[in-house]
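Chemist: Given next are the chains, with one letter for each unit.
Number of protein chains: 2
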Amino acid sequence: MNGVKTVALLGGGVIGGGWAARLAMNGIDSLIFDPDPEAERKLEAILANARRAYRKLSLAPLHEGGAIRFVGSVAEAVAEADFIQENAPERLDLKVKLLAEASRAAKPDAVIASSTSGFKPSDLQVDCEGPERVCIGHPFNPVYLLPLVEVVGGERTSEETKRQAGAFYESIGMHALQIAKEADGHVSDRLQEALWREALHIVNDGIATADEVDRSICYGPGLRWSFMGPALTFRLAGGEGGMEHYLRQFGPTLKSPWTKLVAPEMDDALIARLTEQSDAQAAGRSIRELEQLRDDCLVSVLQALRSNDYAAGNTQRAYEERLYEASHKSVFSESDDLTKPLRLHEARVAPEWVDYNGHLTESRYLQIFGDASDALFRYLGIDADYHAEGLSYYTVETHISHLLEVAAEEPLYVTTQILDSDEKRIHLFHSMHHGGDDGQLATAEQMILHVDTEAQQACAAKPEVLARLGRIAEAHGALVKPELAGRQIGIRRKA
Amino acid sequence: MNGVKTVALLGGGVIGGGWAARLAMNGIDSLIFDPDPEAERKLEAILANARRAYRKLSLAPLHEGGAIRFVGSVAEAVAEADFIQENAPERLDLKVKLLAEASRAAKPDAVIASSTSGFKPSDLQVDCEGPERVCIGHPFNPVYLLPLVEVVGGERTSEETKRQAGAFYESIGMHALQIAKEADGHVSDRLQEALWREALHIVNDGIATADEVDRSICYGPGLRWSFMGPALTFRLAGGEGGMEHYLRQFGPTLKSPWTKLVAPEMDDALIARLTEQSDAQAAGRSIRELEQLRDDCLVSVLQALRSNDYAAGNTQRAYEERLYEASHKSVFSESDDLTKPLRLHEARVAPEWVDYNGHLTESRYLQIFGDASDALFRYLGIDADYHAEGLSYYTVETHISHLLEVAAEEPLYVTTQILDSDEKRIHLFHSMHHGGDDGQLATAEQMILHVDTEAQQACAAKPEVLARLGRIAEAHGALVKPELAGRQIGIRRKA
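Going line by line, the protein sequences match chains A and B.
With numbering that gives the first Met the number 0, letter number 251 in the first sequence gets 250, and the count goes up by one each step, no holes.
With numbering that gives the first Met the number 0, letter number 103 in the second sequence gets 102, and the count goes up by one each step, no holes.
No lab work stands behind these hints, which were simulated from the structure alone.
Each residue gets a CB set at the ideal place from its N, CA and C atoms; glycine is no exception.
All clues given are correct.
In the DSBU-like style, the derived pairs of lysine-lysine whose C-alpha atoms are separated by at most 35 Å in a straight line are:
#, chain 1, residue 1, chain 2, residue 2
1, A, Lys423, B, Lys480
2, B, Lys493, A, Lys423
3, B, Lys423, B, Lys339
Example chain A residues on the side facing chain B (calculated, C-beta under 7 Å, incomplete):
#, residue
4, Val186
5, Cys217
6, Gln487
So that you can see chain A by itself, here it is in the shape it has in the complex (with noise of 0.2 Å):
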């Protein structure tokens, strides 16, 4: 299911519009049929908000873009497609109707899947030609961010499907949770489902507002959430005797009457309510600012579980290391052009690596330099094999000159001319331009050291990184000076 180079999208909403911002970012053209004449006007907004999430997300190189294309009938989007994406309305006659027609039109190989949020496999794919490969694949809102994907078989699904399914979703970052028996609301819904209809309540007694239940999650518990979910927070919470004790110690609070156990009847007079108080709580933020503030966050939180390895971090750890690879950054070959400085460096600015003024933050001037070394490294022939022998090089000497000032989203360039190797030391010189003017906006002369890290002392580098290092120096020998190496700080004062 690696080879999907095509999705139709039935349904182009917030749901079918996530997915098709999903898949352009991973270079995954769409065909999209919506009756909605609104579709593409609405899809836009979705484009522009994923395009924005996905710049701050990661610097990893995104294949490019994949194209998006509204089609007139349910034929015309499935026929040559590879995987087929329904997400309908939560009507199921529309849903059963719909994906029968697809499954008349689709090439015989192509997975269909549902996005529903309630119903069941067996329930959609009744009047289904080829039966098994249909199954549900229930993302979250927005779908562009989000890597949960619950993937749900019926009684006619085969487990091939499941397996395909699950893996065409993780090839473009999701986590594919497979569930393993269907159910009406599959799991996290239900899950969600039982958390707001105990919110109405509270909302509907007076107990606090909508905006105090939000605040008593989110400064508290779903702070946990976003990477432990209640079983492993409630093994925590029994101490050394984990879950058993933890079952046995509170398991007598779930006869205590704390939940209202029905959902209270959604009148006017609640609706009212609700809505007076969640106008309340967003305190005039438009939809669409609310939807940016949404994204920041959960790229910050998705940023901050990455460096951590852990729960969706993982997800995104392992999806950026499959993008890395995928762009093959390049070593070394006699064949190349060595007749200029090397460019193996390209970056945007973050917008969290921008200070109070907007401008990129010193220290990050060093961390796109440091990269860029890093390239220069991967280029010479040092990979992780390399450093596993505890051998690498060290920057011991750096010289900053800023000569313009840069900008939130900017994208750059770094070339690389070595001035000067031997067996030990590579001196080098960095310069930084504007990728769109070429502009120069800072260089970094460095001296790097080849060192054995378990002795921690300088040491030789191996002969076959020496020999391409000593090729791109001798023809780098050919180039002009650049101005500012070998500079010295000091004020220089008229005589």
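Starting from the known structure of chain A, arrange chain B on it as the hints suggest.
Modeler: Okay, now just chain B, sitting in the frame of chain A:
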């Protein structure tokens, strides 16, 4: 209530110990009464976790640690306490007796709060002397990291008590949620409990395992819940129509049988099943290891939300601002000793600043030196008002020399010598040292330019800043020029 110096903790287990840790980190003394002979040993483990987490959480200057002392009776604990926090096991008779005893020995103006997760304050305050000062302050585990505390008053609790308790909790970095109406389980635990009961059904029915239930939360809705609760989330699901549209559209699904509505019987079979699944999920990791993993993730998530200044990140940011204010970063005074380099900045290597070799990442050196320059600017009298006039010092050139490696958790300080200056420029030399042995770790020579940020060009600093700078530069003119100043980068070869 901001004058609280000593808190009595009645019960020193997971919750009481968590309170002791948070109080100690905030320079407040605890007197603990706990009949458990193991209490002191257990507290040490909690304190070790808390110290580890706080070192990573923030560089803001914490208060000197508060003292913790175990005492032999309730009376001894509460006699001199400004605030009393009860953390006994969840048994109503026990808590009523304990609170009554405390109320009779306490100072008359001391607030008495209970950490109860389930009982209503009206039922707890019945036998107390001065019941108007008894309320609930319900925290969440780990108390030293999670900001939420629910403040609930009973029939006889005064509004002033609830206000005082809230102000005290906020002074130690928490988010005090005032609950309007008392109810069994308050708000947050009722919501957690509803979700957990549903999870038990899902496990009991074989739909998903404990680990799958957890994943259905933390890869999806749990990521959102770390900063937006269910009400704001569903407002966004309603699109432009907001909450009312959402309720009218999805209201009917409240009738669908998505939750089981009553808790399953917690029989031995279900306990055994969950215990087995929980063991599998823990995969051999001890409670201590899981606690540290949890704390690491919480720290990262709190930092992530701080960068967005939203939800718990807003609480954390406000808390740090107060800590910085309280530490009185000093401004130049004529009586200062200028016969040696200035020592204006201290830091500790945060664990997320180190690379895969366990050493301080290259770019973080520049961050620490940049922070030292910021400390110099504050010392020169440059504050937010100065910046508001469109005036600022910018770094234009930096020369870093790396001398010794620095590892995670190491304490550092930076000394700063003014080498030269004029009305627009400062030529300075920073030297980074180990806080323990004073060894020199790295140096940074910098050229700093005073700029008009509107006009984007250099301009003279204001006279009062230049006067201070002139005094320092004059005195530092008598110091020996550092050996590494004025250095050029290059490979020196024998002739």
